Structure formats: structure tokens, C-alpha cells
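*Asks:* Please work from the sequences and hints to get the whole structure.
Number of protein chains: 4
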Amino acid sequence: MALRVGVIGTGAIGEEHIRRIQFKLVGAEIVAVTDVNLERAAEVIKDIPGARVEKTGQAVIEAADVDAIVVTSWGATHEEYVLGSIAAGKPVFCEKPLATTAAGAKRIVDAEMAAGKKLVQVGFMRRYDSGYRMLKEVVDNGSIGDSLIVHCAHRNPEVGESYMTDMAIHDTVIHEIDVIRWLLNDDYVSAQVLMPKKTKNAFSHLSDPQIVLLETAEGRRVDVEVFVNAKYGYDIQCEVVGEEGIARLPEPQSVVMRKDAKYGTNILMDWKKRFIDSYDVELQEWIDSTAKGEVDGPTSWDGYRAAVTADACVKAQTSGAIEAIPAEPKPDFYK
Amino acid sequence: MALRVGVIGTGAIGEEHIRRIQFKLVGAEIVAVTDVNLERAAEVIKDIPGARVEKTGQAVIEAADVDAIVVTSWGATHEEYVLGSIAAGKPVFCEKPLATTAAGAKRIVDAEMAAGKKLVQVGFMRRYDSGYRMLKEVVDNGSIGDSLIVHCAHRNPEVGESYMTDMAIHDTVIHEIDVIRWLLNDDYVSAQVLMPKKTKNAFSHLSDPQIVLLETAEGRRVDVEVFVNAKYGYDIQCEVVGEEGIARLPEPQSVVMRKDAKYGTNILMDWKKRFIDSYDVELQEWIDSTAKGEVDGPTSWDGYRAAVTADACVKAQTSGAIEAIPAEPKPDFYK
Amino acid sequence: MALRVGVIGTGAIGEEHIRRIQFKLVGAEIVAVTDVNLERAAEVIKDIPGARVEKTGQAVIEAADVDAIVVTSWGATHEEYVLGSIAAGKPVFCEKPLATTAAGAKRIVDAEMAAGKKLVQVGFMRRYDSGYRMLKEVVDNGSIGDSLIVHCAHRNPEVGESYMTDMAIHDTVIHEIDVIRWLLNDDYVSAQVLMPKKTKNAFSHLSDPQIVLLETAEGRRVDVEVFVNAKYGYDIQCEVVGEEGIARLPEPQSVVMRKDAKYGTNILMDWKKRFIDSYDVELQEWIDSTAKGEVDGPTSWDGYRAAVTADACVKAQTSGAIEAIPAEPKPDFYK
Amino acid sequence: MALRVGVIGTGAIGEEHIRRIQFKLVGAEIVAVTDVNLERAAEVIKDIPGARVEKTGQAVIEAADVDAIVVTSWGATHEEYVLGSIAAGKPVFCEKPLATTAAGAKRIVDAEMAAGKKLVQVGFMRRYDSGYRMLKEVVDNGSIGDSLIVHCAHRNPEVGESYMTDMAIHDTVIHEIDVIRWLLNDDYVSAQVLMPKKTKNAFSHLSDPQIVLLETAEGRRVDVEVFVNAKYGYDIQCEVVGEEGIARLPEPQSVVMRKDAKYGTNILMDWKKRFIDSYDVELQEWIDSTAKGEVDGPTSWDGYRAAVTADACVKAQTSGAIEAIPAEPKPDFYK
Ligand SMILES: NC(=O)c1ccc[n+]([C@@H]2O[C@H](COP(=O)([O-])OP(=O)(O)OC[C@H]3O[C@@H](n4cnc5c(N)ncnc54)[C@H](O)[C@@H]3O)[C@@H](O)[C@H]2O)c1
Ligand SMILES: NC(=O)c1ccc[n+]([C@@H]2O[C@H](COP(=O)([O-])OP(=O)(O)OC[C@H]3O[C@@H](n4cnc5c(N)ncnc54)[C@H](O)[C@@H]3O)[C@@H](O)[C@H]2O)c1
Ligand SMILES: NC(=O)c1ccc[n+]([C@@H]2O[C@H](COP(=O)([O-])OP(=O)(O)OC[C@H]3O[C@@H](n4cnc5c(N)ncnc54)[C@H](O)[C@@H]3O)[C@@H](O)[C@H]2O)c1
Ligand SMILES: NC(=O)c1ccc[n+]([C@@H]2O[C@H](COP(=O)([O-])OP(=O)(O)OC[C@H]3O[C@@H](n4cnc5c(N)ncnc54)[C@H](O)[C@@H]3O)[C@@H](O)[C@H]2O)c1
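Chains as they are written, first to last, in the numbering used here: chain C, 1 to 335; chain Y, 1001 to 1335; chain L, 2001 to 2335; chain U, 3001 to 3335.
Warning: the hint list may mix true and false statements.
[Said to hold, decoys possible] Listing some non-contacts, in silico: residues in chain U with all C-beta distances to chain C over 12 Å:
no. : residue
1   : 3024
2   : 3075
3   : 3104
4   : 3232
5   : 3257
6   : 3265
7   : 3321
[As the list claims (entries may be wrong)] Keeping only pairs whose Cα atoms sit at most 27 Å apart, straight-line, the calculated DSSO-like set for lysine-lysine is:
no. : chain 1 : residue 1 : chain 2 : residue 2
8   : Y       : 1330      : U       : 3335
9   : U       : 3198      : L       : 2046
10  : L       : 2262      : L       : 2090
11  : Y       : 1136      : C       : 24
12  : Y       : 1197      : U       : 3335
13  : L       : 2262      : Y       : 1197
[Stated by the list, open to error] So the derived label-pair ranges between C-beta atoms look like this:
no. : chain 1 : residue 1 : chain 2 : residue 2 : range
14  : L       : 2047      : U       : 3024      : 21 to 31 Å
15  : U       : 3024      : Y       : 1320      : 43 to 53 Å
16  : U       : 3292      : L       : 2294      : 29 to 39 Å
Note that these hints are calculated values from the structure, not bench results.
Computed from a predicted model, the values in this text were never measured in an experiment.
We put the beta carbon where it would ideally sit given N, CA and C, even for glycine.
*Replies:* See below:
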């Protein structure tokens, strides 16, 4: 029996998730979708005979033939639909962010715990990237001893004028915040943000690059260079410094060229290609665990802690100070 | 409507293909299987409710509910089942080799042409490897100009005592023979084999390493170092020398380590892991094209030409001479 | 006419410098040496017929046939001999540190300016490393645009029990402090030191690893991971993030191996080998410029600013705060 | 006492050698030079007070104050001056080739043996390259077990119209011929040359690329791709396949860049830069061993065997056959 999925928000990533669930992955099918733009919603499912358009997100959630929900609408609407799914007792996959505020994420955590069953998975897809998984295996199997420091870089070729300084945290570093928490199996206790000399290639309102410094409960240090007008490519770097050695995220696979007096590989320019395979793995695993009545990906607790950490980073962007991140023991519910 | 697949031979790779078709890929299901070892066949499908064991390969081929056949029995039996599938007018995916002799492969080509419809795909899975595909894209898009030379290496950690000198061609270099033909869109006209100083790590009856030299119709030169007791790892290298630059097959993805006074990556020891993803892509594409009534993978013509080339290489192993490979224009049927 | 050199301090590096000046480099010869251990001094020059032992450093400085001085005694004695050389009007090459306090270095700067002629070069040999020079060329020629951030790592396999937390600055990071100032053609304005989770491989009294954060007058940010019990090797990393691209210090040259399931190169374990060639270049250039009556290497101003910066870093180690480094315009004398 | 050197031929490399001997290396000085173009000879030494121009090569050889000779005139004149030096009992460094025919080289070997003392060193500078030396150390120390195969590539960006097919052997592969003999401590017994599809970037009279196949007395196999219009750079590759692993010549040191969607290093375009440091090491070691009355670099035997091998390769270029290279035991004199 295929898992019957309803999708709220048929924009860019909504459409992609619909197509992978319907045509590429196994064990699930799309039965209902919606969007504030109903025409768009209808267009997206026109080659999926078994799927229909519902008028609202709530209608999708409540539909009797919908077993599980995928939320891919704008971030500000996520909280409502995730809470709705919990109320309906249905599993929900919510694209990041879980909510646009830490308080909103906390409400989801509280509702889910009150409901007594884990239902929510957040769309932090890096945990499903083959490279990060290899890196986590090395960290976990003790090859490099205990992890002490993580150096990261998150570089984009460029961003548009609407990209603001705090988006470097909420839209960009948010992925490192989650994936390094997972990699280290640790949580953050303080944040600081350095503002280096600004590139001439950024709009005047944007601080770019920035360096985010995070400290964990275990005393580990994480530094993230975020540079969204780096021109040369979309480039994700991660190096873990351990007691016995260093492990580094593999570069994306690329033909090795000798040409025009240069030796090396290509760097991606388009961020979409970097984690394209991770989305498949993420949703396949979500389908599989959901079918078993489990959640084994990033939970709403993870989404909440990412939000709390991001808030401290944003505060640190303007204060210039080391901002404490309140430590909260992970509830047994999420262990 | 899922493609209903029958499988002949439920050994190592037969079982793997059954599981990927049934549980991992989309658009197909296993309905019938057989093996000379019927218990083994039953064991393999015990968690596939819709599948049954047939007594013979011919029974699988003829079963009314079998739309397409997968042949994964021992090489010597492939010809019979492929000819049977053609006679039944059913699409067939046959693991390499298509046949154990060039004459056998030719009989398949002739039967298929007589039947008037392409039905046969051969299991040369390297064409589906992401690295080789990236390399082919570079070759095809003109980045390095026309290809002039290809340097290859095919190295295994070790082989058992039953591995004979001619198996270096039929079991090992056969993959390079096919994939380089495809990469260059060219065919071979001569073969020569050099026997370098023998490693002390090979059994006394085996010449190891060997260097196979192939010449193509367009005058390109291909050299393949085949070294099956190379100890250090399973390692596939391929470098294309073009008029304007050089392109090299990517190494398999691996965490970059700094440890124990060494900087670098791991090399696979187990050949099965090297092309594991390619089998998925290969069979998914086979399912998709079969569903459309097409064959877009390696054809029986490709399997035949690989066999002819391998025969010339084996002859060259003992003659020490440059052995001609009869040029044959590709029939329009296969274009 | 060869430059006649006197050497004060014939310990480990004193002996090495004596041998390279006498036997490997051109344009200079050793004429006089001294050490508090006179036997050691005599031993070191026993195969140099033209050289003699003097009883004191001052005697070396004042000897009529000594044109230039090399100071390779213990750090605490450097100031005295450099001031003595200035007083004698003789060029002096002083191993790092120029003085053990910023005040001492300042006294040298003042004396040299009062003398009205540049005479002092400090032994910051990294500026002469072929890799750093290639990196500086890339930074200077504009290939990566303006430099915004520099990421550094300075890792040793291990240190002895006598190595204290502040030595991570004075003995280790001091090299990054100088070479990055030179690379960026900029100077520091603040320092902060992070203390990550401690490795179990360090003595209990030592904080290891540490992360030193420096800010420059131009707003550039420099981070230096210093990890002196990193076990796996002696490893110097430096990556410059520019507006248009990233440039990284080359790894030391090493044969690329495929062996024992590993692909990669060796990492040095012995720090002495890492910059061994730089000492030759450094002293050859010192001989050449001294012969011309010039100083074109690191000046006493550079030694002084390195000392001021190191003091701020040491203060930051215990304060945990961002420590200001007083900006001082470089005197015209040193431009 | 400095070694007093006379130089015959003050062209491109003659001038460079004069300058390095006089100004960069230790233990030697230029006292006499000559050239068929006497004005050129005078020009080259105008800033070397102790040096004079002699009218002929023979006059240089015979000059009482000349201790040792450097021959850097055109190849066709080398034999005469080397024989002259032997007759005069003086050590001689002769740029490659030792002679333009194997017979000529043999005459030198015979004369030197008759004279009873090794006097001749040939200018095969690759043996002094730091990369090849590292590679030889790996081969010699047993890290990769016995060597079985060597894969080489020798690629130039382009050559002029005067470069003929046989020059690929005599001017280009000659360096591999020597350096691989030395690396393996073995000698050649057969040669074959393959002519791949020709690049459109070569002049019509030139076969380019070519693949030279050499077999050694121990049965090892060496393949050299020589491609002199490879466009993309000057690139020397060498990979030794051993029983226990593979070792590859390091790439020249270069800053690692991330720029313009590319990750990697620069490749040299100018061959002169590739081995520039090797010339220094080569001549310094020649000076040092000559001062001790020894020859420890490539001997005239090496020059002779290189010539014999090159002749077989040239024959193989046109015959297309496997050409035997007469085995000759190395005389005790050269052991
Ligand atoms: N994990 C990742 O790497 C990743 C990548 C892309 C997007 N995302 C997240 O996915 C979400 C969607 O991003 P996108 O790029 O597809 O944006 P998009 O604007 O292309 O699509 C959003 C869609 O949601 C619809 N929508 C908005 N409010 C709605 C509502 N109340 N009910 C129903 N539909 C509504 C919009 O009409 C639009 O079609 C965002 O939260 C984004 O952060 C995550
Ligand atoms: N493309 C590749 O990389 C690749 C990899 C592995 C195997 N193969 C090919 O797949 C084939 C099978 O290899 P394997 O490793 O699975 O071998 P295997 O011995 O594990 O399995 C073969 C199975 O076929 C059965 N069989 C033999 N004759 C039969 C017949 N007449 N009818 C029905 N069943 C019969 C055997 O009982 C056995 O169970 C071989 O041709 C091999 O070359 C290809
Ligand atoms: N640039 C570099 O990388 C580098 C490397 C090594 C050493 N150094 C510096 O070089 C200096 C010497 O280091 P080392 O490793 O050779 O130490 P060392 O202890 O081996 O040698 C120092 C020598 O100085 C002598 N000495 C001490 N006081 C003296 C005095 N007043 N007069 C004469 N001789 C005196 C000692 O007897 C000893 O022989 C130190 O300042 C060190 O920091 C720099
Ligand atoms: N080892 C290497 O990598 C390498 C590199 C360059 C050149 N070489 C060799 O060095 C030699 C010279 O090469 P080059 O590039 O300097 O050539 P070049 O033409 O620049 O110089 C040769 C010089 O020799 C002079 N000359 C010729 N015949 C003479 C004679 N009989 N007596 C005195 N002078 C005479 C010429 O006038 C000319 O000045 C060649 O044999 C070449 O193969 C070797």
C-alpha cells in the first residue's frame, strides 16, 4: 500500500518534491495538493491522474485519503500547517524553516509532545548528502578521535538585492547550524559573528562575508564563513579537526581536466545541483519511516534548536558580542 | 502499469537485480523467477508475494504474465535464453557476456535482426556510472577537442587460483572494451597484448599485470593496464587525451583525511561497491525504455563487437603479435 | 669581496646558519663566532679554517674584520646584541624573536631610527618559503581581488611538557602573525583567542588547540587554528579568501601514492624539514642585500609589531575578551 | 680553491650555465669561454672580470688554467669537444646529447675507458629534479615492491615547423629514456612506436602524438606518450606501477585556486621553468664531485645507451615493428 501524500504549496520545491514522490521514489503517491495559486496547483499535477487540487491547506490535511502531508509553502505559513497536521494526527514533512520564530517552533514541539507521538520531520536535506554521511561515519567511528573544532564555509556566487544581512543566518547558515549539530551530536551554547572587510561585489546594505562562531555544550568550536557574493561558485566546505586527525567533506564529483594551463575540476555555480540527490534520499527515507510509523530524520526539536541558535546569531550580528544560547536538555520524547 | 519481469538465474547478481527491481526502482515488479537450484530461487523471492518460481528458463520466457526477461544465469547459458526471449518477442536484459563466443553473439544479432525489432540489452553497467557519464559529456561536448588516446587501468586487489590469463580479457578488460567503444563512439581494428614483468603476488599460472593495446577505426589508441593482484585496492582509471586537453574519470567520492602522516582519501577494496549505483541507473533506464518499447542501452551489436574484440585480445595474448579485428560496419538496424 | 660574518650563539640553528653561509651560499664567509659555551663554539667551526672563536658577543660585534652579525643565541639575549650591532653601525640578522618584550623591540626600533640607517633583519623565514611567495604573488597580482579573510592552521604532532599555553603565541603563532601581515600588507588592530575543547593528547597544563582571531586595520579577518598536539603531522595551512576567488598555500611536494587502500601523499612529521629551503633563501637574500648596504627582509619594525600583537594575543588568552592592539603608523623610516 | 671552468658554446643554455656557475653555485668560477660567434662569447662574460674569450673550443680545453670543461655548443659538435677533453685528461660536463649518433657516443665511451678514468658527465638534468628524486627514493626503498610498469607522458604546448617526427625521440623522449633507466636501474631490450590519430594542431609533416613502448632486460614495460602540440601546457607525468602500490611524480608546486567555477592549480606553459632548479643541483653536484675527482652523475655509458635506445625508437617509428635493442652488459668501468 503506497503512502498517500498531500502537498501544501506547489511552488519551486513543492513541484520538485511532487515529481520525485510520484515518479522517482517508491512507496508513495500524490493524492491531493493545494496552493494559494490554485491554477498553479492544477498545472503541477496535470500528468498525475490520481491527484486532485484542494482549496486550502487545511482541506489537504483533513482529507480522509491523505496519509501524510508535505509542507512546501512560504516559510511564514509552515507553523500553521504543521500544527494542523499534528492536530489531525498525521505525519508531516515540513520544508525548512519549521517556523519563522523560535517561539513558533516551540509551539510545534509542545503540540507534538502533547499529542504524544512524533509526527514532524524538517527538511534539512544535508543530513542526506552522501558526502556529509561519509563524514559523519568517520566522526562516529572514532577514526579521528574526539571532534574539537569544525571549520565550515558556505559560499554562493551572488545574491539578489532582496537578500538582507540577517538572511545570511536564517537562509544560509541555518543549514550548517543543523548539520553540524547532527554531525557532532552536540548542541550550541553561544554565538558570535565577525564582520570582515566587505566585498565590493555585495549590495551596499549587505554585510558580506561574515564569520559565525559557535560554541557547543561540550566546548567544541564551529566557525562558519558565509560569503554569498563569492563570485567563483557555490561551494560548501566542512573540515572536522579531531584529536587524532582531520576529516574533510568530499568535493562534488567532477571530471579532472588539464586544459588551458589549468589542472583541476569544475565548481558548481548553481546551488540546486549541489544537494539534488539528497532530496531524493531524504524523501525516500521519510516515506519509508513514515510507512513504519516512525520519524528518523530531523525532528521538530532539531527545527526548534536551529531557530533558537539562529536567533542568537542574528542578535550577535548587531551586538558584536558573544551571545549566550540558553541550554535546554533534549526531552526524552526526542531521544 | 508496472512492467512484469521474469528472472532466469537467482545467484549473486540475480538476487541483487531482483531486489532492486522490486524494492528500489519504479515501474516494474518481479512476477516469475527460476534457477537450476529451485530452492535457491524460492528463497530469493520469499518476501515478494506476487512472484512465483518457474521450473525452467523457457517457462519464465513463455509465461503469459511476463513482459520482459532478465538473464543472470551463468554466462554459458545466456545465448539460449536470449535467443528464447527473441523468439518469444520479449525484451530481455542479459548480464554480460551476451554469449561466451563471438559466434554465439552473432547468432543473437542475426536472430534479433530477423525478428525485426530491437529487444536485447547487455549488462555493461559502466555506461551508467556517474563518473563515466561526466567523462562522456566532456568528450562529446568538444571541451578537449577530438579524442586521440585513452589510457586505462583496471586493478583488483587479488584474484583466486581459478582466474586464468585469458580471464583478464573476458572477465576484466571486457568492461573497458565496451565502455571505451561507447565513450569514443568508435570501434576497434587491432589488438596487441604486452606481458610485463610478473608480480610475485600472482599464482604461477597467471600473467599479471598485462597491457592491452587497442587501435580504433579512426586511428585512436587505447591502452589498458590490467592488474588483478595489485594488492592496494580496486581501482579504475581512465584518461582521455584530446587535441585541446585531457579529461580524467573522477575518483569515487571519499572523505579527505589527514591522519598518521598521510593526506588523502580511501581506495575501495571491494569491486562490488565501485559500480553499485550504476546497476540501479542501468535497470531503471532499462525499465523505462522497455516500457516505451525501446532499447537505448548497450545492444546485442555492442555485445557482439565486444566478443569479437575480446577474442582478438586473447589471440594476441599468446601470439605476441598485433592481431587484426575484422571491421564490420554497424548495421542500420542498430543505429 | 665576500661579506665577513660573525655569529653569536652556536646552538642548533646557529650551527646550521654557519654551515649554510660558509658552504652553501655565495658572497659570505664566517670569520668569528662565540657562545657562552666556548667549547661548543670551537667545535662548530673546526672545519672552517678562516674562522676563530671570540670570548663574547660584544667582541664579535666589535671585531674589525666582522662586516655583519648573525644573532642565534637564546631569545632573551637578542636585544643586547642587536643594540650592540646598531651601536657599532653593523648590519645584523637576528633570529626571531627580535626581543622577548614589545618594549625591548621598541628600544631596537628607536635605536635604529636614531642611528639613521636600517641595519636589522629579523629571522621570519616563512616570507622566503616558495609556497608563501607564490601565494603572495597571487594576492598581489589581483587574481583573487581584494583579500577579505585569511584562514590559517598551524599544527604540530606534539610538544613537550615545558611548552606552556602562552608559547602557542610566542613560539608558534608568531610566524603566522608576521607572515600574514606581510601577505596582506596590513597590520593588526585587535586579537581574541578561543579555547576549544581540549585534546586528551596534551599535558594537563596546556590549552590545546586554540583559535586566534585577528582583525586588521583594513577590517580583514585572520583566524589561526594552533594545535600543537595534532598527532598526525606538522601541517601549515593558509587560505586567502578574496573578492573574486580563493587561493591556498600549496602542500609540500610529495610523491602521490596508491597503497594499502589509501590514495594521497605523505605529511611531514618533522617541522625542521618544512621550511628548510627557506633558510637558504632568507640568508642568501640577506647576504646579497647587506652587500648592497640595504635591508629588504623583515625589519625591526616588523619584529616590534609582531611582539605587540603577540602580547595582545597572550592577554586575550586569559581575558577571553577582544583585546585592542594599538595602531601605530609605520614610520617613514621603514617604508 | 675554486674549480676553474671553461665553457664551449655561449648560446641560450651556455649563458645560463655560466651565470649559475659564476654567481649562484659555490666552488667554481668561469675562466675561459668560446663560441663560433666570438662577439656573443664576449658579451656573455662582460660582467665576469676573471673570464676571457678563447678563439676555439680546443683552446679552451687546452688552457692551463682550465680545470674542467662545460660543452654547450650545438649537438653535432659535442663529440669533438668531449673527445678533446678526454685527450687532455680533463673532466667535462656535456649537455645532452653526448653525441648525435650511437657510434659517436661509443667512441667517447671507448676513449674514456682507454684513458682509464671517468671524466664525462652528460646533461640529463631530470635526475636532479626534486620530484624524480622523491620518486626514486620510493622505488628504491621498496615501498611499492618491485617495479613492473612505468607510464609516462611528455607534453608540450606546441612546437615549431622545424620539429620533425624523429625529434620526438631525439629531443623529447630522450629525457624519459635516460631518467627511467636510472629510476629502474635497468636497461632496454626492445622498442615499438604507435602512431595514434594525429592532432589537427600539428604541422602536416609531423606525427603527433606518438606512444613509445619500451621493454627492459628485467621484463618491465615503459610507455611514453609524447605529445608536443598538446596545447594546454608543458606537462611531465610519470607513474610507477609496483607489486604493492603505485607511485606518481609530484606535480610542480602551485597555489591551489578556486576561481571562475574552477578548482585546481596552474600548469606551466614554459618548459624552461619546469626543471630550472634541477640545473642548479646538477651543476652544483658536478662541481662538488669534480672537485673530488669523481663522476657521480649520468656517465658517457648512460649517454651511449640512451643513443642506442633512441636509434631503435626512430627505426620503430617507420617500421611499425618491435625493434630489438642489443643488450650490452655495463662495463665494470662504469659500475
Ligand atoms: N531545503 C532546502 O534546501 C530548500 C530549498 C528551497 C526551498 N526551501 C523551502 O521551501 C519553501 C518553499 O520554497 P520555494 O523555493 O518553493 O518557494 P516558492 O515561492 O517557489 O513556492 C512557495 C509556494 O507556496 C505557495 N503558498 C504560499 N503561501 C501558501 C499558503 N498559505 N497555502 C498554500 N500555498 C501557499 C506559493 O503560492 C508558492 O507557489 C520555503 O520555506 C523554503 O525555505 C528549502
Ligand atoms: N555486470 C557486472 O559487473 C557483473 C557482475 C557480476 C556478475 N555478472 C554476470 O552475471 C552472471 C551471473 O553472475 P553471478 O555472480 O550472479 O553468478 P552466480 O554463480 O552467483 O549465479 C548464477 C546463478 O545462475 C544459476 N544458473 C546457472 N545455470 C542456470 C540455468 N541454465 N538456468 C537457470 N539458472 C541457472 C546458478 O544456479 C546460479 O544460482 C554472469 O554471467 C556474470 O558474468 C556481471
Ligand atoms: N626562525 C625559526 O624557525 C627558528 C628556528 C629555530 C630557532 N629559532 C630561534 O633561534 C634562537 C636559537 O635557537 P636554537 O634552537 O638554536 O637554540 P639552542 O639552545 O640550540 O642554541 C642557542 C645557543 O645560544 C647560546 N647562548 C645563549 N646565550 C648566549 C649568549 N649570551 N652569548 C652567546 N651565546 C649564547 C647557547 O649556549 C646555545 O648554544 C632562538 O631565539 C629561537 O627562537 C628560530
Ligand atoms: N638538458 C636540457 O634540458 C637542455 C636544454 C637546452 C639545451 N640543451 C642542449 O644544449 C645544447 C645547446 O643548446 P642551446 O639551446 O643553448 O642552443 P643555442 O643555439 O642557443 O646555443 C648553442 C651555441 O653554441 C655555439 N656553437 C655552435 N657550434 C660551436 C662550436 N663548434 N664551437 C663553439 N660554439 C659553437 C653557437 O654559436 C650557439 O651560440 C644543445 O645540445 C641542446 O640539446 C639541453
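*Asks:* All hints are to be evaluated individually against the structure, with a verdict given for each.
*Replies:* Cross-check of the supplied hints:
1. Consistency note on residue 3024/U: stated as away from chain C, and its beta-carbon is indeed over 12 Å from all of that chain's, at 28 Å minimum.
2. For residue 3075/U, the shortest C-beta to C-beta distance to chain C comes to about 30 Å, beyond the 12 Å cut-off, and the non-interface label holds.
3. The beta carbon of residue 3104/U sits about 38 Å from the closest Cβ of chain C, which is more than 12 Å, so the claim that it is off the interface holds.
4. Its closest Cβ contact with chain C, about 5 Å, brings residue 3232/U to no more than 12 Å, contrary to its assignment away from the interface.
5. Residue placement check: residue 3257/U does not keep its beta carbon more than 12 Å from all beta carbons of chain C (closest about 8 Å).
6. Residue placement check: residue 3265/U does not keep its beta carbon more than 12 Å from all beta carbons of chain C (closest about 5 Å).
7. At roughly 32 Å, the least C-beta separation between residue 3321/U and chain C is larger than 12 Å, which holds for a residue marked as non-interface.
8. Distance restraint check for residue 1330/Y and residue 3335/U: the Cα-Cα separation of roughly 58 Å exceeds the 27 Å cut-off, and the hinted pair is therefore not satisfied.
9. Of the pairs offered as hints, the one joining residue 3198/U and residue 2046/L is violated, with about 64 Å between alpha carbons and a cut-off of 27 Å exceeded.
10. Of the supplied pair hints, the one linking residue 2262/L and residue 2090/L is violated, its CA atoms being roughly 54 Å apart against a limit of 27 Å.
11. Between the alpha carbons of residue 1136/Y and residue 24/C the distance comes to roughly 24 Å, so the proposed pair stays at or under 27 Å and holds.
12. For the proposed pair residue 1197/Y and residue 3335/U, the alpha carbon gap of about 24 Å is at most 27 Å, so the pair holds.
13. Distance hint between residue 2262/L and residue 1197/Y is fulfilled; the C-alpha atoms sit about 24 Å from each other, no more than 27 Å.
14. Between residue 2047/L and residue 3024/U the Cβ separation comes to about 23 Å, which falls inside the hinted range of 21 to 31 Å.
15. Under the hint 43 to 53 Å, the C-beta atoms of residue 3024/U and residue 1320/Y, about 51 Å apart, fit the expected range.
16. Distance hint check: the CB atoms of residue 3292/U and residue 2294/L are about 37 Å apart, consistent with the given range 29 to 39 Å.
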